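Chemist: For reference, the chains in residue letters:
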Amino acid sequence: MRAVNLIPAEQRRSSGGAAGRSGGIAYVVVGLLAGIAVLALLYGSARHSISTREGEAAKLSAEAAHAEAEAAKLAPYTRFAALREERLATVRELADTRFDWAHAMHELGRVLPSDVALTSMDGQIGAAAASSATASSTTSSSTTTASAASSVTSATPPGSTPVFTIAGCATTQSEVALAMDRLRLMDGVSEVSLKSSTKAGSSPSGPSASGSSCPDSFNLEIAFEGLPTPSAPTGGQASQSATTANSETPGSAESTGANGTVGLR
Amino acid sequence: MTGRDRMVVAVLAALAILAAGWILAVSPERKKAGEVESKVQSAQASLAAANAKLSEAKDAQSRYASAYATIVSLGEAVPADQQVPSLVYELDHASGHDHVEFQAINAGGSSSKASLSTATGAESSGGFQELPFTFTFTGSFFDLYHLMDKLQGFTVSLHSGGVAVKGRLLTIDGMSLTPGGSSGEAAGGSTLTGTVTATAYVLPTGQGLTAGATPTGPAGTTATSNSSSSGNPSAPAVVKAP
Numbered sequence: 590m591r592a593v594n595l596i597p598a599e600q601r602r603s604s605g606g607a608a609g610r611s612g613g614i615a616y617v618v619v620g621l622l623a624g625i626a627v628l629a630l631l632y633g634s635a636r637h638s639i640s641t642r643e644g645e646a647a648k649l650s651a652e653a654a655h656a657e658a659e660a661a662k663l664a665p666y667t668r669f670a671a672l673r674e675e676r677l678a679t680v681r682e683l684a685d686t687r688f689d690w691a692h693a694m695h696e697l698g699r700v701l702p703s704d705v706a707l708t709s710m711d712g713q714i715g716a717a718a719a720s721s722a723t724a725s726s727t728t729s730s731s732t733t734t735a736s737a738a739s740s741v742t743s744a745t746p747p748g749s750t751p752v753f754t755i756a757g758c759a760t761t762q763s764e765v766a767l768a769m770d771r772l773r774l775m776d777g778v779s780e781v782s783l784k785s786s787t788k789a790g791s792s793p794s795g796p797s798a799s800g801s802s803c804p805d806s807f808n809l810e811i812a813f814e815g816l817p818t819p820s821a822p823t824g825g826q827a828s829q830s831a832t833t834a835n836s837e838t839p840g841s842a843e844s845t846g847a848n849g850t851v852g853l854r
Numbered sequence: 002m003t004g005r006d007r008m009v010v011a012v013l014a015a016l017a018i019l020a021a022g023w024i025l026a027v028s029p030e031r032k033k034a035g036e037v038e039s040k041v042q043s044a045q046a047s048l049a050a051a052n053a054k055l056s057e058a059k060d061a062q063s064r065y066a067s068a069y070a071t072i073v074s075l076g077e078a079v080p081a082d083q084q085v086p087s088l089v090y091e092l093d094h095a096s097g098h099d100h101v102e103f104q105a106i107n108a109g110g111s112s113s114k115a116s117l118s119t120a121t122g123a124e125s126s127g128g129f130q131e132l133p134f135t136f137t138f139t140g141s142f143f144d145l146y147h148l149m150d151k152l153q154g155f156t157v158s159l160h161s162g163g164v165a166v167k168g169r170l171l172t173i174d175g176m177s178l179t180p181g182g183s184s185g186e187a188a189g190g191s192t193l194t195g196t197v198t199a200t201a202y203v204l205p206t207g208q209g210l211t212a213g214a215t216p217t218g219p220a221g222t223t224a225t226s227n228s229s230s231s232g233n234p235s236a237p238a239v240v241k242a243p
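Heads up: the sequence lines are chains A and B, in that order. 590 is the number of the first residue of the first sequence in the numbering used here; add one for each residue after it. 2 is the number of the first residue of the second sequence in the numbering used here; add one for each residue after it.
Since the hints were made in silico from the structure, they are not lab data. Incorrect hints may appear among the rest.
Chain A stretches covered by chain B per the calculated footprint, using a threshold of three residues with CB under 8 Å from any CB of chain B [unchecked claim]: (1) 761-774; (2) 805-815.
Cross-link-like lysine to any residue pairs, in silico, SDA-like; alpha carbons within 25 Å at most [what the hints assert, rightly or not]: (3) A/K662 <-> B/P180; (4) A/K648 <-> B/G207; (5) A/K784 <-> B/P180; (6) A/K662 <-> B/K32; (7) B/K32 <-> A/E674; (8) B/K32 <-> A/A629; (9) B/K54 <-> A/S638; (10) B/K54 <-> A/L631; (11) B/K32 <-> A/A661; (12) A/K784 <-> B/K59; (13) B/K40 <-> A/L631; (14) B/K40 <-> A/K784; (15) B/K59 <-> A/S638.
The structure presented is a predicted model; accordingly, all values stated were derived computationally and were not measured. We put the beta carbon where it would ideally sit given N, CA and C, even for glycine.
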């Protein structure tokens with residue numbers, strides 16, 4: 590015998606499944622309410638954030654404006670400090686790009702053989718080898734000019750090549766060769782080239798012709814390495830004042846200057 | 002309409018309501034909140050920049066005395082005007098210490114003996130103006146070597162980044178040594194004549210030594226600004242009496 594359910598289909602408990610009698614509309618309404626609650630929460634959060642951050646932005650802007658105004662009042666000090674840094678850097682660069690003539694002379698006196706004597710010496714700073722260096726040095730009768738290619742234009746810009754032309758006397762030709770060898774030992778020398786070496790009596794225009802006792806007269810040219818590019822001062826150290834720097838002693842030798850300050854090499 | 006159809010319509014209606022709420026209310030507010038947030042970040046950046054600027058300015062203010070002293074000291078190396086008398090004094094003083102005779106100084110690098118009162122022909126360079134000179138000294142090789150050391154030692158840079166100033170900044174462009182002194186001494190003695198072509202430097206025209214600053218404050222902060230483009234307080238403009 591087959592069992593028969595006599596309850597009408599629409600009144601059975603499980604007729605709508607989980608939807609129940611409303612057919613699931615109740616769930617939709619609950620979901621809608623939950624969604625609206627979430628939206629309200631997000632809306633409120635955004636409004637709160639806006640009001641809070643707007644106040645914060647206004648406060649920060651006011652503080653920034655105040656700080657700007659304070660800084661503007663002190664701007665002359667900033668400009669003066671910048672001027673100081675600029676001048677200090679310029680003087681440093683000019684000082685650093687110079688050729689050390691005294692050292693070169695010292696080296697010359699150190700390496701020359703004792704049997705060799707100089708009759709004249711002419712030193713000039715030659716034109717810079719680098720294309721960026723625009724200054725050119727000319728002969729001794731004219732001045733050195735330099736264009737304003739960089740922020741600081743030295744009369745002896747980096748890359749310029751110092752050249753010494755020396756004339757002298759030696760006892761023999763071998764002494765001249767020895768002198769050339771020795772001159773190559775000079776600090777910073779890149780090349781030593783012979784222009785002439787004439788034994789006495791071999792040339793009517795030689796030194797012997799003028800009556801001096803010069804067995805062998807020679808002319809040499811000594812080329813030095815190009816002047817270095819100034820190195821940047823160590824971090825934060827450039828702010829050391831020139832006045833206080835007078836008391837420092839980084840060099841190997843010192844001499845007392847005309848006004849009592851200490852000069853350092 | 003079946004129950005299933007009603008269910009679909011209800012869900013769609015709920016979704017439409019939620020979407021409308023999102024689009025019309027929540028999303029604009031969130032967008033606005035984002036804009037305000039970026040505004041805050043911008044304000045924070047502005048404040049940080051302003052504070053850094055203020056800090057730098059305060060630092061510059063606290064170091065003003067030192068900066069002023071440095072500027073004045075550098076004015077001895079590179080004065081506001083030509084300051085030829087003080088240069089002559091320095092050269093004479095330096096050569097006297099090294100047993101070197103200071104024979105001549107020619108302005109402009111020419112070989113003629115020009116008047117010392119005007120060093121003409123200052124050439125403008127990138128920063129400072131150049132003043133070419135030719136100096137003539139007599140002395141022994143080693144005396145002249147010591148003199149060259151002194152001439153370039155008037156102003157030297159230090160490893161620490163500072164500059165030691167005790168005289169005019171000079172760049173020696175060339176030098177020639179020839180035998181014999183100026184007083185008719187015969188060639189062959191130990192006396193040499195050294196001719197030095199050098200360049201001194203002057204501050205750009207109109208800049209002034211201290212740019213209008215005084216010991217009490219820079220130009221624009223105090224009513225008194227008597228420092229001007231002329232005068233170098235640390236380099237006496239005098240010539241040593243013969």
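Chemist: All hints, please: hold or fail.
Modeler: Hint by hint, here is what the structure shows:
1. Given as covered by chain B, the stretch 761-774 of chain A fails the check, having 0 residues with a CB less than 8 Å from a CB of that chain where 3 are the minimum.
2. Coverage of the stretch 805-815 of chain A by chain B is violated [criterion: at least 3 residues with CB-CB distance below 8 Å; count 0].
3. Taking the CA atoms of A/K662 and B/P180, the gap is about 63 Å. The hint is violated against a cut of 25 Å.
4. Restraint check for A/K648 and B/G207: not satisfied, since their Cα atoms lie roughly 44 Å apart, outside the 25 Å limit.
5. Of the supplied pair hints, the one linking A/K784 and B/P180 holds, its CA atoms being roughly 20 Å apart against a limit of 25 Å.
6. Of the pairs offered as hints, the one joining A/K662 and B/K32 is violated, with about 39 Å between alpha carbons and a cut-off of 25 Å exceeded.
7. Pair hint B/K32 plus A/E674 does not hold up; C-alpha atoms about 47 Å apart against a cutoff of 25 Å.
8. With a C-alpha separation of about 15 Å, the suggested pair B/K32 and A/A629 falls inside the 25 Å cut-off, and the hint holds.
9. Of the supplied pair hints, the one linking B/K54 and A/S638 is violated, its CA atoms being roughly 30 Å apart against a limit of 25 Å.
10. Simply put, B/K54 and A/L631 have alpha-carbon atoms about 40 Å apart, too far for the 25 Å limit, and the pair is violated.
11. Proximity of B/K32 to A/A661 is assessed by CA-CA distance (about 36 Å); at most 25 Å being required, the pair is judged violated.
12. Restraint check: the Cα-Cα separation between A/K784 and B/K59 comes to about 63 Å, which exceeds 25 Å; the hinted pair is violated.
13. At most 25 Å may separate the alpha-carbon atoms for a hinted pair to count; B/K40 and A/L631 meet this at roughly 21 Å.
14. For the given pair, B/K40 sits about 76 Å from A/K784 by alpha-carbon distance, which is inconsistent with the 25 Å threshold.
15. About 36 Å separates the Cα atoms of B/K59 and A/S638, which puts this hinted pair outside 25 Å; it is violated.
When each numbered hint is compared with the structure, violations occur for hints 1, 2, 3, 4, 6, 7, 9, 10, 11, 12, 14 and 15.
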